[in-house]
Amino acid sequence: MATPLLAFAGAFALILAVELPDKTLVATLILTTRYRPLPVFVGVCAAFAVQCVIAAAFGQVLTLLPDRLVTGVVAALFGLGAFLLLKEGFSKQEDELGATTETAPAVSFRRAALTSFGVLFAAEWGDASQIATAGLTARYGEPVWVGLGAWLALVSVAGIAVLIGRKIADRIKPHLIQRVAGVVFAGFALFALYETIKG
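Each residue of the sequence shown is one higher than the last, beginning at 1 in the numbering used here.
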């Protein structure tokens, strides 16, 4: 068992690194070109909260299994995350932000928030951050602190997208960050696999 602070810090750092170049940032940027920033931010934060609760709960269920099986599942989760990140990191992506800069007609706060919630809730299913949250919860046995760290990291990414918008998109190198994050995930997977084999 890790300390709550370690679980929180580990989840925050890993999820922030994974999500900064990911579709979370891109989707939030696109939503802010169509709706006012505040309802977008509220909607995406609510979506992240639900996703983190689900992922942390799944990870906590894993802790009820025998230790060796848990480390095997954690290895598989991080291996899957590494595969997804490295696949995206080495793929040729077109610039998804070049879509449109026109603002859509004004819509209500509620509608913009609900649309933002729906877009990000759907986008995060099976995402590397959700896999990482479940894996870290199973690893550390601290679902509340891992979930909180993951949620704050996701909120930070959304905040960056809302506040800085397109300016940051030109300065980050998504593929490089995804490759580094993929290597980190692979390291976690190998460590968990070693613990499984060592038994």
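These aren't lab readings, by the way, just hints derived from the structure by calculation. Remember, it's a predicted structure, so these values are computed and weren't measured experimentally. Incorrect hints may have been included.
Derived Cβ-Cβ restraints for the label pairs, each shown as a range [as the list claims (entries may be wrong)]:
1) Tyr194 - Thr63: 13 to 23 Å
2) Phe109 - Phe83: 21 to 31 Å
3) Ala122 - Arg36: 34 to 44 Å
4) Ala57 - Tyr194: 37 to 47 Å
5) Ile197 - Ala106: 25 to 35 Å
6) Arg68 - Leu38: 43 to 53 Å
Here a beta-carbon is modelled for each residue, glycine too, at the ideal position from N, C-alpha and C.
- request: Could you tell me whether the CB distance from Ile197 to Ala106 stays inside 25 to 35 Å?
  value: Check failed, 59 Å falls outside 25 to 35 Å.
- request: Using the Cβ atoms, figure out if Arg68 sits within 43 to 53 Å of Leu38.
  value: holds (48 Å)
query: CB of Phe109 to CB of Phe83, is that within 21 to 31 Å?
result: Violated - the Cβ-Cβ distance for Phe109 and Phe83, about 39 Å, lies outside 21 to 31 Å.
- prompt: Is 13 to 23 Å right for how far apart the beta carbons of Tyr194 and Thr63 are?
  reply: Once the Cβ atoms are compared, 19 Å apart, the range 13 to 23 Å for Thr63 and Tyr194 holds.
message: The hint says 34 to 44 Å between Ala122 and Arg36; measuring C-beta to C-beta, is that right?
response: Violated: the Cβ-Cβ distance is about 21 Å, outside 34 to 44 Å.
query: Taking the beta carbons of Ala57 and Tyr194, is their distance inside 37 to 47 Å?
result: violated (27 Å)
The structure is inconsistent with the numbered hints 2, 3, 4, 5, although it conforms to all the rest.
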